[in-house]
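Quick note, the sequences are listed as chains A and B, same order.
Per my numbering: the first sequence ends with 482, consecutive numbering throughout.
Per my numbering: the second sequence ends with 1015, consecutive numbering throughout.
Treat the hints loosely; a few may be bogus.
What the hints assert, rightly or not - Residues from chain A shown here face chain B by an in silico Cβ test under 7 Å; the list is partial: (1) Met139; (2) Ile205; (3) Thr209; (4) Ile211; (5) Arg220; (6) Leu224; (7) Ala228; (8) Lys231; (9) Gln246; (10) Asp250; (11) Ile254; (12) Ala262; (13) Val266; (14) Arg270; (15) Val442.
No lab work stands behind these hints: they were computed from the structure.
From the three backbone atoms N, C-alpha and C, an ideal C-beta is built for every residue, glycine too.
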Amino acid sequence: MPERATHQSKAGTMPIIETRELRKVFRSVKRTPGALGALRTLFSREFVDRVAVEGVTMALDEGELVGYIGPNGAGKSTTIKMLTGILVPTSGHVRVAGLEPHADRKRNARNIGVVFGQRSQLYWDLPLIESFELLRAIYAVPAGRYKENLAEFTELLEMGDFLNTPVRQLSLGQRMRGDFAAAMLHDPRIVYLDEPTIGLDVVAKEAIRTFVARVNAERGTTFILTTHDLADVERLCRRIVLIDKGRIIYDGQVEQIKSQYGTHRTLVVELTEDYPAFAVPGAEVEARTGNRVRLRFDRRTVSADVLIRRVTEAYCVSDVSIEEPELESIIRHIYVEGYTDPEPGSGAAALPHPVEA
Amino acid sequence: MNAAFAPYVAFGQKAFAREATYRVEVFTNVGSLILRVYLLRSLWTALYRQNAAPPDIPLHAMITYATVALLMSLVLEIDGSRSIREKVREGSIATDLMKPISLPLYFFSDGFGQTLFHALMILPSLALALLLVHVDVPSVATLTAFAISFGFGYLVNFFLNFMMNVIAFWTLETFAIQLMVRWASDLLGGMLLPLAFFPGVLGTIVANLPFAAIYSTPLRIYIGELPPSGWAAAIGSQAAWLLLFAAAGAIVWRAAERRVVVQGG
C-alpha cells in the first residue's frame, strides 16, 4: 500500500475534516417517576442537560483512514452526526470539505457516503441493482461514471450473483457488500463507517476490509471507522482517535499506542508431560488448558529468550510461541486506567478518573 | 428531463415497482371492491325506498356518487407519507437526512408512485363493477373538471396525511390521531354520504371545512349537483385550501427537521 499522510497536517494542505472545541449538549425535560410525576413532566419547565461531546478537536487529511473508537455512549455517533450535518453542534467549529455540514446539509451530503452495519439503506423489496439505480438518480452520477463504478464494485465485492436478487432475500454478508457499493457509487470524498462488520463471518469481514483498504489506497477516499471490532482497526487504520465521556483521550498512531502499552507478551508453552507444579521465575501463569500453558511476562524485566531457556531447562517442551498483545486488550486497559502520555505535550491528556469498561 | 426532478421521478417508479411485488394484495382488493360496490347499491336503494329522497340527488345519482366515492377512496386512502412514522420510529430518518434530497418531495413522489399503481389496478375492477351497477357517465367537460378537482383533492389529502405523519417526530406514535382525522375526513368530506344530507347550519359548516375539498367538490361536479357555472369557484376554494395546507405542511416539516437536528431525534 502506498504511504499515506499522517494526522499531522502538512503545511499548505487543508484538512478535509476539521473540528475545534466541538461540543454537543442534549437538553431534555426533567422526568419525575410515577403517574403523578408523568403529569408533572407535562408541565415542567425543568431541564436536564447531558453533555454528549465535550471539546472535540481533530483534523483529518484527505485520504486518511482513521479509527474512531470508544465505549457505548462515549459520543462517537454524536460526533459523526455533527460531521454529516444532521445534528447542530451546541458550540464549536466544524468544517467538512470546506463546508459547515449542518448549515449546508444537502451540499455536504454529496461529499459523503455512510455505511451503517445495523441499518441498510437499500430498498428492501427491490432487486439490489434497483437501489443502485435510485442512488444514481439521487446523486446525479454521470452514466459513464456510474457504469465504471458499478462494474468495479461488482467485481471487487463479488456481487455479480445477486445483483438481481431482492434485498430482503440477501444474506447479511451480501447485503453489507451491497450497502458498501451503495455508499460509494457517487464517488464521495469522505465515507463514514459505523460498525460495518457487525455480525459478519470471518470471510465476509475480510472481504469488506480488503475493499475498504483498496478504495482508500486507490481512490484516496477518506474513511472514519467507528467499530467495536478492533481487528478492523488493526487491519485498516494507522491512526486512532479514542473518545470517552465525550472527550478525546488519545489521538495518534496505532503503532505508538501498541509499543507504549505493549510491555507485556505472552509465551505459549506446549508441555510434553503434565507438570502439576509448573512455575517459571519472571513470568506468571495466565491460563492453563491441559498441557498448554500461557505465561505472561514483562519484556522490560525479562527477555523472551531468557524465559524460553528457563522453561526448557526445567521442563520437557514440544513447542513454544510468543503472542503480541492485541489492540483490544490495550484499549480495554486504557479505558480502565486512563491514558498516560509518555511525552507530555505531544498528545492528549490523561483521563483523570477511572471508567467502567 | 430536468435533472433536479430525476430523483423524484425515480422514487415514483421504484414505489410503483415495489407495490407491484405484492400481487396477492391487489387481487384481494379487486375482489372486495366488487362486493363493496354491490353492497353500496343495495344499501342506497333500500334507504331511498324507505325514506323521502333529497331533492337534488335522485337514486341513480346517489349510486353513482357512492361508487365513484368508493373508487376515489381506493386512491386517497393510500397514505404515501406513512413511511415517515416508520422511519422516525426506527431512526432511519437520520440516514435519509444524509442524502442530498428534499424529504417531503421524496415522500410525495413515493406516495404518488404507489397511488398510480393502485389506480391502474382499479381499472379492471372498475370495468367489472360497472357490469353490476349502473353508473352515470357525464360529459367530457364534466369529466375534465372532475379530474382537475380530484387532483386538488388528492394534494389536499396528501398534505393532511403528511402533517399527521410528521407529528410522529414528537409523539413517535400517530395511530389514534390519524384514525380520528381519517374518520372526520371520510364523514365530513363527503366520502360516506353527500354533504347535502347534513341539515341546516351543520350543512353550511361542513361545506366550508377543508375536508370538503377532498371528496365532496369533485363528486358534486361528477354527479352534476354543481353546475358548470360553479366549477371555477369550487376549484378555486380547493386551491386555496391546498395553499394553506402546503404552507402549514412546510412549517410543520421545518419544525420537525429542527427538532431532529437540534435534539438528535
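Structure-based check of all given hints:
The beta carbon of Met139/A comes no nearer than 23 Å to any beta carbon in chain B, farther than 7 Å, and the hint placing it at the interface is violated. Contact between Ile205/A and chain B, as hinted, is not supported at the beta carbon level, the nearest pair being about 10 Å apart and thus beyond 7 Å. Below 7 Å, beta-carbon pairs count as interface contacts, and Thr209/A has one with chain B at about 5 Å; its hint therefore holds. The restraint placing Ile211/A at the interface with chain B holds, with a minimum CB-CB distance near 5 Å, inside the 7 Å limit.
Checking Arg220/A against chain B: minimum C-beta separation of about 17 Å lies over 7 Å; hint violated. Interface restraint check: Leu224/A against chain B, minimum CB-CB distance 12 Å, threshold 7 Å, status violated. Of the supplied interface hints, the one on Ala228/A is violated, with its beta-carbon coming no nearer than about 10 Å to a beta-carbon of chain B, more than 7 Å. Residue-level restraint check for Lys231/A holds (minimum Cβ-Cβ distance to chain B is 4 Å; threshold 7 Å).
The closest approach between the C-beta of Gln246/A and any C-beta of chain B is roughly 6 Å, which is under the 7 Å cut-off, so the hint is satisfied. Interface restraint check: Asp250/A against chain B, minimum CB-CB distance 5 Å, threshold 7 Å, status holds. The restraint placing Ile254/A at the interface with chain B is violated, with a minimum CB-CB distance near 12 Å, outside the 7 Å limit. Checking Ala262/A against chain B: minimum C-beta separation of about 4 Å stays under 7 Å; hint holds.
Interface hint status for Val266/A: violated, as the beta-carbon distance to the closest one in chain B is roughly 11 Å, over 7 Å. A distance limit of 7 Å between C-beta atoms decides the matter here; for Arg270/A the minimum to chain B is near 14 Å, and the interface restraint is violated. Interface hint at Val442/A: violated, since its Cβ lies 55 Å from the closest Cβ of chain B, which is beyond the 7 Å cut-off.
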